[in-house]
Each structure stands twice: as structure tokens, then as C-alpha cells.
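Place chain X on chain L using the hints.
The listed protein sequences derive, respectively, from chains L and X.
Heads up, the first sequence is in our numbering, so the first residue is 746 and it goes up one at a time.
Heads up, the second sequence is in our numbering, so the first residue is 43 and it goes up one at a time.
Incorrect hints may appear among the rest.
[Said to hold, decoys possible] 27 Å max Cα-Cα, derived DSS-like pairs, lysine-lysine: (1) K86/X with K796/L; (2) K109/X with K844/L; (3) K64/X with K815/L; (4) K815/L with K61/X; (5) K82/X with K815/L; (6) K64/X with K844/L; (7) K94/X with K796/L; (8) K61/X with K796/L; (9) K83/X with K844/L; (10) K51/X with K815/L; (11) K815/L with K94/X; (12) K815/L with K109/X.
Hints in this document: simulated from the structure, not taken from any laboratory.
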Amino acid sequence: GQQLNQSPQSMFIQEGEDVSMNCTSSSIFNTWLWYKQDPGEGPVLLIALYKAGELTSNGRLTAQFGITRKDSFLNISASIPSDVGIYFCAGQTSDSWGKLQFGAGTQVVVTP
Amino acid sequence: DTAVSQTPKYLVTQMGNDKSIKCEQNLGHDTMYWYKQDSKKFLKIMFSYNNKELIINETVPNRFSPKSPDKAHLNLHINSLELGDSAVYFCASSSTGAGANVLTFGAGSRLTVL
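Okay, chain X solo, but in the shape it has when bound:
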């Protein structure tokens, strides 16, 4: 019944590895996002997709590649992981209808790079 679900919740890996985080929403929303929360709890947008089309791409290293196979799914693949990639990554979704700015967040995926 979870509205926005992301997996895995925890991910511990070595520098240089490639990893993916998956996200799915069952709210019928047409826009999905990835946010990064650093150790100081600051939330910053990374990417946004609307109906599978990339609409927001903030200044993120190209090692990060989002992919939206359909409007209910948005995955994040990270190549050549670095220590600074350690953070909590949140998936979120919203609708372009009424209340378009209101994001519903997943529970987060904590990535630790050793």
C-alpha cells in the first residue's frame, strides 16, 4: 500500500562500484523526482521526469543517470561511486493537476560508499 516505494533502503558499497536505486509510485502521478539529502539534512533536487520525459536536470555529475521506463517508475543508476556520493536519496512524485507542487516522498535509500 506504500504510495512511493524505493529499494533498497540501505546500500553499502565500495568506491568505484556501480549501483542502482529503484522507485515506484502507485498514486497515479505523472511527475517523479530524485532528491539528495546530505549529512546536514539539506534536500536538493537532482532530476525530475514528467511522463517519462526528463524536465529537470540539476548540476549533477554524469555518473548519475536516471531512467523512467514508465510514469510510475523512476530509477537512478550511479557509476563509479565516490565517497561524496554517500547520502540519503529520496524519490518523490507529484501530479500536474491541482496541488501540482505537492511532493509525496518515499522513505529514502541510504547509500554509504566506503
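Chain L extracted, bound-state conformation:
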């Protein structure tokens, strides 16, 4: 089946540092989404991307839809303790409506 490769698997950073994570796909996607999951909660949408090359920000978060349509990255600038959590990329191909594929997640730990 289709594979979404998300990296890194985990990151241990100091407060104030920037964080970068990315996802690559074996297929062309028409949608890339980035979610964050806090412990004991469901994933919450951070950023949605719909066009190749699209660069979108949400506060300290910035995400881009890769030109090849097979990759996306998420940056977090000036990390704070509440950025701790698992970040998931998710994508969908044009022929699999409603069937979001998720990456394995990036666990982010922020130390003071």
C-alpha cells in the first residue's frame, strides 16, 4: 500500500529552539494536513494545505506543500513547553476520497 514516511520519529529540544519535521509519500497527494495530538486527546488540526508550493502559517507554525506533491514539512519557531506532543502529517490522493493516510508521528519534547 501507499506509505507516508515521517521524520524524525522524536525530537528533544530546548525551549526557544526551532523545530522542523517532514513527510514524504510514494504517491502524489492533493491534500496535506498537519495535526497535533496531546496525551489523552484526539489529533487536532494545525494546518491544511491544498496546492503544490503552498506555504501557510498559523502563529509560530509554518507548513509547506512540496512542489512534487509528494512531500510536506512543518516548522515550529521559538518552541515553548506547550508545544510538547505528537505531530502527525496526513495526506490524501485524488483517488482515495475520505481515506486520509497518517504518518507515524513525531514526538516533540521541549525542555526549559
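Below, chain X without anything else, positioned relative to chain L:
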């Protein structure tokens, strides 16, 4: 006020039992989903209903039976529970309109089979 609410949040049961998880959304969405998150946090779709009609049915044992009485509700019934069914089950919903791919998730139901 919770957009997607699922109950129970925790469920501990013995192997062989039958259990149900309920989900309701008040977002006016017409599509609902069940996802399973395993111990490694991997999220995998199980089922999807659009306006009460089953549209996605991944390779899931037939011990799992979803039921959508209306487009605001999607329940999941599991028969003859097995140890491997232990996981967190997430309900989600979306709209077929603009932003159709954007799922809103519930808080999850953690199922532990002993």
C-alpha cells in the same frame, strides 16, 4: 459543546466479551469515521460513513460492526473481543463541502482487553 464526542473514554473488559463505543458530532458534518491508534501511535482508518451509508471498509475483522443511525451518529460494536483489539479508537467527522479532507477527531476511547 464538544464537537465530536465519544463514549466511553475508557473501557476495560475480558476477552470474548462484546462491547460498543458511541460517537456523536454536532458539526453538521455528513461523513463520519472510525480510526484505530495502536500502541505505536499509528493511526489507521477502519470505516467511514457518508449520510448513513458505508463508503470505506478497510480490512477489518467482521467482529467489528459499525452502525450509523443518522449522519450525526456512528457507533462501533465489537464482538468476541481479542487481546489485539486493545487500542485507542477515534471517531472523526468531516464535510463533503469545502475542506472535505479535514477531519475533526473525538478525544478517543481507550479499549483494554484482558
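Now the hints, each set against the structure:
no.	hint	in the structure
1	K86/X with K796/L	24 Å, holds
2	K109/X with K844/L	19 Å, holds
3	K64/X with K815/L	36 Å, violated
4	K815/L with K61/X	40 Å, violated
5	K82/X with K815/L	24 Å, holds
6	K64/X with K844/L	21 Å, holds
7	K94/X with K796/L	31 Å, violated
8	K61/X with K796/L	42 Å, violated
9	K83/X with K844/L	18 Å, holds
10	K51/X with K815/L	36 Å, violated
11	K815/L with K94/X	33 Å, violated
12	K815/L with K109/X	35 Å, violated
In this structure, the hints that do not hold are numbers 3, 4, 7, 8, 10, 11, 12, in rising order.
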